[in-house]
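Peer 1: Each chain sits in its own coordinate frame; assemble them with the hints.
Taken in sequence, the protein lines are chains A and B. Residue numbers for the first sequence follow the numbering used here, beginning at 1 and rising by one. Residue numbers for the second sequence follow the numbering used here, beginning at 1 and rising by one.
Calculated directly from the structure, the hints in this document are not laboratory data. You can take every hint at face value.
The following label-pair restraints were derived from C-beta to C-beta distances:
| hint | chain 1 | residue 1 | chain 2 | residue 2 | range |
| --- | --- | --- | --- | --- | --- |
| 1 | B | P87 | A | S458 | 52 to 62 Å |
| 2 | A | L483 | B | L79 | 49 to 59 Å |
| 3 | B | L74 | A | E354 | 27 to 37 Å |
| 4 | B | L74 | A | L484 | 42 to 52 Å |
| 5 | B | R34 | A | D203 | 16 to 26 Å |
| 6 | B | F88 | A | Q351 | 46 to 56 Å |
| 7 | A | A172 | B | A19 | 22 to 32 Å |
The following residues of chain B were derived to be distant from chain A, with all beta-carbon distances above 10 Å:
| hint | residue |
| --- | --- |
| 8 | G36 |
| 9 | L39 |
| 10 | F58 |
| 11 | L61 |
| 12 | P87 |
The C-beta atom is built at its ideal place from N, Cα and C for all residues, glycine as well.
In case you want the letters, here they are:
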Amino acid sequence: MTETVHNLLLGFSVALSPPVLLYAFVGCVVGTIVGVLPGVGPLAGISLLLPATFGLDATKAIVMLAGIYYGAMYGGSTTSILMRIPGEAASVMTCIDGYAMARKGRAGAALAIAAVGSYVAGTVSVVALMFLAPPLASFALRFGPPEYFALLILGLLVLAYMSSGSMVKALAMATLGLLLGMIGIDQMTGYFRFAYGVVELGDGIGVVPVAVGLFGLSEILATAGQETPPAVIKPTLRELLPSRQEWKDANWPIWRGTVLGFLIGIIPGSAHIISSFVSYAVERRLARRPEEFGQGAVAGVAGPESANNSATSGAFVPMLALGVPSGPIPAVMLAAMMVHGVSPGPLLIKQQPELFWGFIASMYVGNVVLLILNLPLVGVFVNLLRVPYPLLYPGILVFCILGVYAVNSSVVDVWIMLVMGLVGYLLRKLEFEPAPIVLGVILAPMIEMALRQSLAMSDGQYAIFLTRPIATTLLAVGVLLVLLSFKSLITHGFDWRERMAMAEKGEEL
Amino acid sequence: MGASRGLGAVGWSEWRHAAAILGTCAFAAIALERLGYRLTMAIALGFLIGVIERQGVFVTLTLAVALAAGSYLLFDTLLRVPLPRGPFGL
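Next up, chain B with everything else stripped away, as it sits in the complex (with noise of 0.2 Å):
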């Protein structure tokens, strides 16, 4: 049996990431079915990639678009999983 660890010794070295994601998150719910699918992800990703794992801006331009506009196509388009489009036909 015995005693838990108390609170501050499971150690919570990551917490920023973890908000930051979290945010992302709440970010994408607001917005996916404002924007678009497309848009959001794009955003999201780039935010993530770029602003939290301070990649360069072509890596994270290209993952940015490669991603949100693949997976797109291959839901929406391929599978045939209706993902919602934006203001712009995005």
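Only chain A is shown next, with the shape it has when bound in the complex (with noise of 0.2 Å):
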């Protein structure tokens, strides 16, 4: 506990210097700006503004990348609430009791309500990642190459299972996303793979350009030809604050939103997105008076907000102990992380506590400043949205271009990103969901190396995978979600994915 105390002390002295302090609140500026912007989701955002904090040191840059993750959760409620367009997919049931309440009027409360709860559940899940991410590192220290691929092969398993819609498609997702990632030189024997004589694919496909194809462009493609959106509903500020009954209805959503978003952040997945889906099933079924769910319910803005920023919290717990991404966010802050040099896994809390408790106190400053920034300059916001989509999609266009190209001077990257942002429209088009394979590509190159190991230590024995019992337990916890999924083929019950589905649409449970 001490030490505890003592370490997040460091941390501060790291986060309240000016210019640690000057990025992280530009992280949250920024953040706020791509998740208020329709067709710029926090994944693209991160992806797009990589370049820019290649000059600076890592504390800094991953400081400033984490600004604009939660920055844009905070950004996408503004959409949702004020014109039913999810900024970004975490904010999809928001929309419903958020856009209800808006009309009805309480804008200003519902953005409030949606501001605090952000805060509350980004402090609190602070305070729990900071509690468990260093004694889960001391534990996987333990973690020999056979656990480690069980434990990646049980996150892929666990994000089809939980992602929404058809786990065979979020599964052969998953899967195209691994072929991707075996395009490069192979890491044991030196031989270049799929490479077809382009000297650039050595290196294998960055996840920059494919996560900025599969989310930023693609969503221009599917965006820019259709009708102009719906009016926005402008608050005054003399309606911010809610009334004290408002304040009553949010405060037990909140809490239970928080820890919610928590536990689910920390299972791999897309944490942020399920996690506001289930505290809304939740919330709509503790309610006194579920019918009031969809016509402006506070407890319908107040839970899944919450929970979709403690989930960004929780997200960060096994991405930072164990160097293990759950889900394609976290993925792409692992590489950026990567690209400073800096190497998240076990070792990282011991290694470097200067830049890992820095990290954690930045996220205690960014949820203030992102509290401050929110409540007063929501208006100004708002009139970015006011930019016709017209004039602002060339723009967007051009950074995506632009972010792309600069990670590596490549215009290789360029095409990789075009060829995706195809691939996304289609997918878009057919109702996949692209998020796996960004997980898949980052992955794909831990996994081979994982198996790989584990079988030069084996002799090329696969029992190795069922002689260790960490190893065997998580396998055996994969196998269980993929019969589970089986389930609903004999009961001929719902699934849960089916129930979100109808929970979203507003039909009965």
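Peer 2: Okay, here's the thing in structure tokens:
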């Protein structure tokens, strides 16, 4: 305990130094803009701005990227409430009751509750992250390649199980990602695989062009030709304060959302998206008057908004402690850290304490910054939405090309983005979720390395995965998940994913 | 479970825009290291805003030049991310 406090003081001494504070602030502002703008989610946002951090040292760069991540979470709720357009996928549930509140003239109150809920969730979950990550890291020091292999496979299976929609589709996408991740030089023998004579492909397909293509460019492709979005409901500052009753209604959902979000965040998968869905379903079930949901229930805003912010911190637990990304966004963050010469994993906390604790402390600071930034300045950010999309998207496109090119100064990456954009556009149209592709691309080299090291350890005996207790348990859980997904075939009942889809449409559960 | 919708039922009304945007990206990829960043982006922006979105000449020129030069200034000059220059030092 005293050690944690001591470390935290070290962290705050890093986070409160003026330059780091400045970059945290810049990250939060940029993140909020990214969250507000339609078509640029946190994933594309972080990928695009990665080159902008190249000139910085590792701590500042990571603090800024984390600021973008949770800033986007805040910003995404703004567009959901005011326009019924989720700025990013995790705000889908906020759209329902947030927009309903806005139409009843309570837009300001909904924004304030979302901001306060996000603040509480963000802060509490960082405390949890702080206490959970170091012990997990020291536990993970006992992990050998077989354990890592089992953990990574489990991660992909959980992601597939948790993603909304068909598990088969999600697994197909993850496999596509793994295949793309195979391209490049074989790490053990130095052999060029699937490069077809293109030298640049030797380094493999980068996660940035894939992420920007699938999430930035494809969104533009799908949106540009459509008619203009609905009008914005502009809140006045006077009505920003929620009434006493609204605070009371928001209190418990915020706490429940925080706990739920954090727990779901740790589990691999598109955590922040699922957590908001689950929180909405829980609040609706616990509500004394469930019929209010969809008509502007305060709990329907407070719960999911808290949950998705809390999941953001939860997702950092496996990333920082194990070096294993739990979803596409942590995957890009991981890639960003590697660019800056930091390799997250069990040894990070011991070897670079000022980076780890500075990062933790900057998350506390970032949450305060966002609260200050979002409440009074919400009107300013909303004005961004008045820029007509035909003028907006060419600008976003320029940043996509710039961001992707600048990572390696490579035109090949721009071509990869182009192809991925087309692939993402088609997949979106056919209701495939592209997120597992990104995770597959970054996990492929890790899984392959772990598998081949394991087999080297055992002289090629696959039994090594079944003789080590931790690895066996992890794999067994994975098998169980696959079996569980067959359940609805046998019982003919609704799978939980179908129930979520129905809840989203506002149908009775 | 149930079958998926047919390809035709998905709705492809925005395909013209999508094709134009992809074309612009391809142009940018080809031209970026030949014409330089600012010239490439100004042309790409001018095409998208002026030709595809049919905005006025003034709006198109202002936005194209301002965005191309502005993003270059921000990233290349201020953040020191090297971006390619073209034949005329642009």
